[in-house]
Each structure stands twice: as structure tokens, then as C-alpha cells.
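Colleague: Start from the sequences and build out the full structure, keeping to the hints where you can.
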Amino acid sequence: MLSRRTLVAALSASIAIASAPAAFAQDELYIPLVSKGFQHQFWQAVKSGADQAAEEFGVRITFEGPDNETMVDRQIDMLAAALANNPAAIGFAALDSQAAIPLLRQAHEAGIPVIAFDSGVDSDIPASTATTDNVAAAALAADKMAEFLGGTGKVAVVAHDQTSRTGIDRRDGFLNQIEANYPNIEVVSVQYGAGDQLQSTEVAKAILTANPDLNGMFGTNEGSAIGIVNAAREMGTEGVTIIGYDSGKAQTDAIRAGLMAGAITQNPVGIGYETVKAALAAKNGETLPAVIDTGFYYYDQSNIDNAEIQAVLYD
Amino acid sequence: MTTTAVDAPKSTLSKIIAAGTHQRVLAFASLVVLLIGFSIASPNFMQTSNMLAILQATSVNGVLAIAVTLVIITGGIDLSVGTMMTFCAVITGVVLTYAGLPLPLGVLAAVLTGALCGACSGSFVAKMAIPPFIATLGMMLILKGLSLVISGTRPIYFNDTPGFSEISRGSLIGEVLPGLPIPNGVLILFIVAGATAYILNRTVLGRYCFALGSNEESVRLSGVNTDRWKIAIYALAGSIVGIAGLLIASRLNSAQPALGLGYELEAIAAVVIGGTSLSGGRGSILGSLIGALIMAVLTNGLRVLSVAQEWQTVVTGAIIILAVYADMMRRKNAK
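Residue numbers (this note's numbering), protein chains in the order written: chain A, 1 to 315; chain B, 1 to 335.
One or more of the hints may lead you astray.
[Stated by the list, open to error] Listed next, the stretches of chain B that the computed footprint assigns to chain A, with coverage defined by at least 3 CB atoms under 8 Å from CB atoms of chain A: (1) 49-63; (2) 252-260; (3) 299-311.
[Claimed, not checked] Listed below are several chain A residues computed to face chain B (Cβ distance under 8 Å; list not exhaustive): (4) 38; (5) 62; (6) 64; (7) 67; (8) 78; (9) 81; (10) 84; (11) 85; (12) 88.
Quick caveat, the hints were computed from the structure, so don't treat them as lab data. All values derive from a computational prediction rather than experimental measurement. For each residue, glycine too, the CB sits at the ideal point set by N, CA and C.
Modeller: So this is what it looks like as C-alpha cells:
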């Protein structure tokens, strides 16, 4: 009997401790964000942006995400728990947009606005989507490439995949910008490395072998960009301008070492900030654009240590 | 009260039931305390929709916990249940979406695939004498890999089989009692629990399950083909995992091939909280069901209270240790 009492006491104590922070915050507007992840640096950066906005606008937020991007059902449970708290609005980055539709519909029927972030949801329920304009970001990479090449030369693209939204947008954003504005730059090859460093390395080596006169290469995500750097290093290639996408330790090191000319970075802090801001606006009945561009930056050796860039880079 | 029984299976059984009762009462009391505690702490916790969400969240882990309970009672462990669940879901996807066959065949495929996988694990353990931890660790990786290979690493959607999502999301009870839309997934959980408890406590298979966990050698020496019974128990556990595969695929309306790792540990945690001994020979389905409910209530409650996610994990871990410690103290006092 003693042990049972001990357990019961311990359970009650843990609940009492747990409930303390929630008790005083009932009047504030509550906006839960259910993300794709939680402990990764990218998501922590999104969270810090959301925290900034929460403080600025005086709302209370929570930020949760499953342990990894495969746990679709866990994310749905998180969404269900978030809905139970009668939130003012919800931010949601869907791992699988289909799986979440019943709950999103439930939110919609309860009059709780939903803001999608990072990636869209195949549904008209979200009031808006806060995400990187990948087409514009890749076009900026094309402009930078043209600048390095003086407007003439041969370039190739190593993309991460040909079916996902980000893969298509980044590839086409780059290609269309080159085609429209730089008639003397020829794109000799577009290949896919699944975002995998090793696979992208092999793909990039094949491109370099086939095109010894190549002047520039663009990698559409972290794995693709590092693959290109590896290929150039392994083959001893010099004089090829490499532009990457996203950050991460290997990529920032390559830029500091001069192996990579520069890269585009998304703004995860901005994604978090804009999501909370949009959620509040939606709650107040304001109309929102279908897509909120959360911004992006080009960084290279010259500005990598600037506070503005450091805030959006992650290792 | 003894914790390990070396006498004949039949008298062991009655002792086991008596021993299990206390832990079940303890686990049930903890569940009630949690429910009351969370209700006091947050007015949003005790709502019909949230209770349904908790039950829905319990369904998959609960069914997995029931499957693992069987294996643990024999003195084994099954680390493969998470990825086996995914594998069964993927096979259902192949049958329903790739091959376009009717729904009942998809259901059958999941259960049979699970039984087959379970029989494989069981054979590794029984015939090849590989320790269960290693055998099922191997199975876990094999099945994870096969799921990715078969699906081409992409989710398989069930959009062409409209009835499929009803397996978990629909509500037969809700059609009879409109005020109580308990999802079918939860109904299936309770049916599986009832059926498994019956098998465990009222059939020869169940009796050997306990006997194998108590003293395998004496069972063997009394002339029983222990290998065959062990394989049968792993296969039964596998077919229950197949049902979990159906539930999760139906809930997500898709078979997500990369999902599954980590689910086995949550199932084992639920079993342990429910008072089933990891050394075998003792345990109950009801206990595991309550254990799974405790896990779901705890996770949901902490979320509703907006406890930071870092701390949710810490609290869950502490509760597991507390629950097992309380059980051990009680048994020590009883001696």
C-alpha cells in the first residue's frame, strides 16, 4: 500500500509541476505550431522566429514536432492535442498533407484559422502558407552565377529530385532565369542526385568528365551542393564556379575555404515569425495572401559572418 | 507470493492471475489519477473530442503492446513490431493500390504477412537458437529495408479504395449512438484485446505461453514440442501486428514506408507499465492496454498543458521508471 501511495503522490506532484506554467496564461491568445521536426537546427531556428513574434505581439505559442520526419501519425496526435486547447489559430507544417485533412477540416469547422508553414498543404483550408519563394531564390542564384561568369559560359545543375515541389521550383527558377536573361550562358546538363552527398558526388563527377570546359555548377540543396564540392575536389577541377543552397557545416566550411563561391540560404527564423504573425492576422479576420514569402539571402565569404546572415545559417 | 513458478502450468496460471491483479489495480489507479490530475490542471483536457483523440492515439500503440505482451510472457522480446507494422501496411498498399484488389484481400494480406513475419522471427528464436533480442533486431532491419524497397521509398496512398480509411477513422458505434462517435480503430483495439486475453487465459496456446516464460526446460522435459508452440506464439503476435499495420495505414490513408522505428520501444514501455515482467512468465493483456492508455493520456495531457516538448520526454521516462519501481516494491513487500 505504501508503494501505491508513493506512486500516486509522485504522479500528482508531476502534474502539479507540469500545470504550473499553463495556469497563469489562460487569457492570452494561444497559437500552437506543429512542425515537421523539433530538435534539428533548422526547426530550432523556425522556433526562435516564432518566439520572437510571440513576444512582440503578446501571444502564447507552443512549438512541437515529431522526432523524425517519418512519424506522420505522431504529428497528427500533436495536432489533435493542439486543437483540444481551443487555440486562436494553428501553424502547421504537414509531413503528409493528406493524412492531416480530417483534423484540418475539424479546425476549419471550429473556426480556427490554419497557417501552413515551410511547405503547403493540398487543401484550401490554410488561410495562407509561409514559405520560401524557391523560384525567386534560385533565380537569385542564377544572377550570381551570371555575375561570376561575366554573362557567358557553360553551366550545369545538380538537383535533389524531379518530383518534389522544392526540387522542381529550385531547378526551374534557376533555368528560367538563365534562359530569360543570359542568352550567352548555356545550360549543358541537369542531373539528379536525390539530395544524397555521395550520389550527388558521382553525378557531378560524371558532368565534369563529360564537360571539361564547364564554367559553373549549381546545387539545389545541401546534399547536392556538397556533392559538387566533393566532385571538384576529387577530380582536382579548378575554375568552376560552384553555388549552393541551404547551409550546414560542410557547406559553410566550403565557402570559407573558397571551394564554393556562395550559396542561397532560406530564412527559417522568418518562417517562424511570419507564421505567428499571419496566424494572428487570420484570427483577427484580415485577408492574407495565399503565399507569404519568408525571404532568403545570398551569402559568401564577404558576408558569412554578418549578424543578419549568421542568424539564418545553421550547422 | 512467488514471482517465478517452476511447478506445472496449471497451478502457475492461478498464481499468475493473482499476481497480475495487484499491478493492474495499481496501473488502473495511476490512469485514474492522471485523468483527474489533468482535468483539474486544464479545463480543456476532459472534453469528448480530446478523449476520443487519446483513444485514437492509443489504438496503434495498444495493439502493438498486446502483440509484444505475448512474446514477452514467453520470456522473449520483439523489437521488430514497429517496422513489421509498416511492412504489413506496405503489403496492403501493394494489394489494394498497386494490384487494385478488393478491400477484404488487403485486410487478409496484412494479417497473413504479419503472421508470416512472426513465424520467421519465431523460427530464428526456436529453431536457430538466436536470442530473441538479436533475432528480432535483425527482423526489424530486414523489414524496414523491404518496406522501402517494395514501395520505392514513396508513400502508397489508398485513394482508390474509399472504404479503407473507414477501418480506423469511421465509427460504427457512432452510427448506433450518435453522441458517442468512438472511432473503429478503438473498437478494433478492444476486440483484439478481448480476443487475445481469451487466447492467453483460456486456451492451450495461452497456457504454454506462460509456461515457456516460467520454465522452458521443464516444459520441454515433460515432452512438449516447445519450438512449435514458440513459433505459433510469435506468429500470433505477428498477425496482431498486421492489424496494427491496417490501423495506422487506414488512419493515415497511406502506407508510409519509412515510419516504424521507435514504435517498438513505446509498445514495450506500455507493456512494462502494465505490469508484465520482462523476465517472462507473468503478464496480462488488460495491463498492457492500461499501460498504453497511460502513455497516451500522459503524452496528450502534457501537450494540452503546453509543457515544453523537452520536458514531456523527461516526464514520460520518469513515469516508466516509477511504475516499474512501484511494482517491484509491492512484490518485495508481499514476500
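Colleague: Give me the numbers of the hints this structure contradicts, sorted from smallest to largest.
Modeller: Hint 12 is the one this structure does not satisfy, whereas the remaining hints hold.
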